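> Given the structure of chain H, go ahead and fit chain X onto it with the hints provided.
These protein sequence lines map, in sequence, to chains H and X. For what it's worth, my numbering labels the leading residue of the first sequence as 67, then goes sequentially. For what it's worth, my numbering labels the leading residue of the second sequence as 67, then goes sequentially.
Hints were generated in silico from the structure; no laboratory data involved. Quantities reported herein were computed from a predicted structural model and do not represent experimental measurements. Keep in mind that a hint or two might mislead.
Which copy is meant is left open, because identical chains are indistinguishable; a pair holds if it fits in one copy or across any two.
Said to hold, decoys possible - List of simulated lysine-lysine pairs, DSS-like, C-alpha gap at most 25 Å: (1) K307 with K138; (2) K254 with K89; (3) K88 with K156; (4) K152 with K88; (5) K254 with K138; (6) K89 with K156; (7) K89 with K152; (8) K88 with K254; (9) K156 with K301; (10) K80 with K138; (11) K152 with K80; (12) K80 with K156.
Protein chains: 2
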Amino acid sequence: MPRQVTAFSNPLVKQARGLRDKKNRRREGLFLGEGLRILTEAREAGHLPELLFYSEAGHPLLDRLIDETEAKGGEAIETNADILHKISGKDNPQTVIGVYRAFETGLDRLDRSASPLWIVAQSLRDPGNIGTILRTGDAAGAGGLILIDDCADPFSVEAVRASMGALFTQRIAAARWEDFLLWLRAGKGQLIGTSLNASQDYQQPLYASPAFILVGNEQAGLPPAYESECDLLVKIPMLGKADSLNAAIATAVMVYEVVNQFRRG
Amino acid sequence: MPRQVTAFSNPLVKQARGLRDKKNRRREGLFLGEGLRILTEAREAGHLPELLFYSEAGHPLLDRLIDETEAKGGEAIETNADILHKISGKDNPQTVIGVYRAFETGLDRLDRSASPLWIVAQSLRDPGNIGTILRTGDAAGAGGLILIDDCADPFSVEAVRASMGALFTQRIAAARWEDFLLWLRAGKGQLIGTSLNASQDYQQPLYASPAFILVGNEQAGLPPAYESECDLLVKIPMLGKADSLNAAIATAVMVYEVVNQFRRG
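The shape of chain H in the complex, shown without the other chains:
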């Protein structure tokens, strides 16, 4: 049975609220997911929260979340909008917030044969971009996202929110560049870099499965040493005054080109 908590000083409320900070997420190995839609995506992907805070009972999807959370040993906590506001920091908080165990992000847990397409992000700093790329990857049938070097935290509230639940459906790995290269070259895989310095249009090559699409930092793009490790270096045409696209946009344009080639056969 869910218990009721309405005190700001409750230690579970404090713990949940603390997970907005990266250092607390790291230390406790937990993160926050918000909203019935995202928590339902998570449940359908096999992820149930350790703690489930909710303010408005009665929705059948919520009932199911509560039942399954408790059946798996998690705790469901009925609370109010003020507490949810305190946890989320948002003026109009979602009516459901879950505290989840962070996933293992070792490269060795990825099965590259599980998908024809993977996304690799290097030093992406904007958590919104990380989440949006996860959402795009899910939509495009990618296997997951590999984070290279110092990326924003995929378990941050902003990233989880922008992913719209894809954080729970996509595989996520984190690795240093050297370790990623060793892993990549130990099997099949075409590494495709997008770069303003490339001479080849992104629609020119024939892409091969599994394709690893590599995107660089929002400001700096890919380091030249990383570009030179790519099997293909391609550019998206820039027809106006701008010299670059938003990183998540460039990723999506590349991803759908590869998907479209694979769909054609």
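Only chain X this time, still in chain H's reference frame:
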């Protein structure tokens, strides 16, 4: 000659800071642009600020901005990082901030023959999406962005920032749906809606110039009555668990399909 201002109480500082609020932007017909990169894009597109605040003199691009701003009757104001922080509200403010006159956004100012491609957004609520779509439009050689119904303000700080200067290079119009339809049907133009309800894959049709790509609200998509006015209704394939893409991502995927068709033929 630039004058120096270091007082928080200075009326120009107060006025500039006020432009973070939509109601002040509307009343004064002014908006903020931040950063040497964006202000230089603006200058190259023929837009100079009425007020130019800067904290670090000496960059040749800044010198040129100051000279041209003053030559056009604007005022250049040397100040410090604290004042720029106060104006922008950011912890690490850019070293240059401009106050610009907002553009006219009447549909009658658009010349549809100026570009083979236009983007039409309906009730987009996220200013970051508006800015990102402007940036994508610029990169893809679009003529501009037409905002239908209640969209976020394209002159908001978030939109200008996300546009990376494309706000100054793209045409921007705002209209009610009925007025847009009257204008559209008075000339050539193919209205292409993206919808989860469409049966036709987005790579199937042959697009015709000028193409008007219509995207709907982030949560609700396009209203059915709007979809039924489209010449083509297409869907981007969703191959995973997600049922939709981020609005700016979906726009970019559509836009580059049209661009790629036009490049081939």
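> Next, verify each hint and record whether it holds.
Now the hints, each set against the structure:
| no. | hint | result |
| --- | --- | --- |
| 1 | K307 with K138 | between (55 Å within a copy, 23 Å between copies) |
| 2 | K254 with K89 | neither (36 Å within a copy, 57 Å between copies) |
| 3 | K88 with K156 | both (17 Å within a copy, 21 Å between copies) |
| 4 | K152 with K88 | within (17 Å within a copy, 27 Å between copies) |
| 5 | K254 with K138 | neither (38 Å within a copy, 60 Å between copies) |
| 6 | K89 with K156 | both (20 Å within a copy, 23 Å between copies) |
| 7 | K89 with K152 | within (18 Å within a copy, 29 Å between copies) |
| 8 | K88 with K254 | neither (35 Å within a copy, 53 Å between copies) |
| 9 | K156 with K301 | neither (39 Å within a copy, 33 Å between copies) |
| 10 | K80 with K138 | within (23 Å within a copy, 56 Å between copies) |
| 11 | K152 with K80 | within (9 Å within a copy, 32 Å between copies) |
| 12 | K80 with K156 | within (16 Å within a copy, 28 Å between copies) |
Going down the numbered hints, you'll see the structure goes against 2, 5, 8 and 9, while the others check out.
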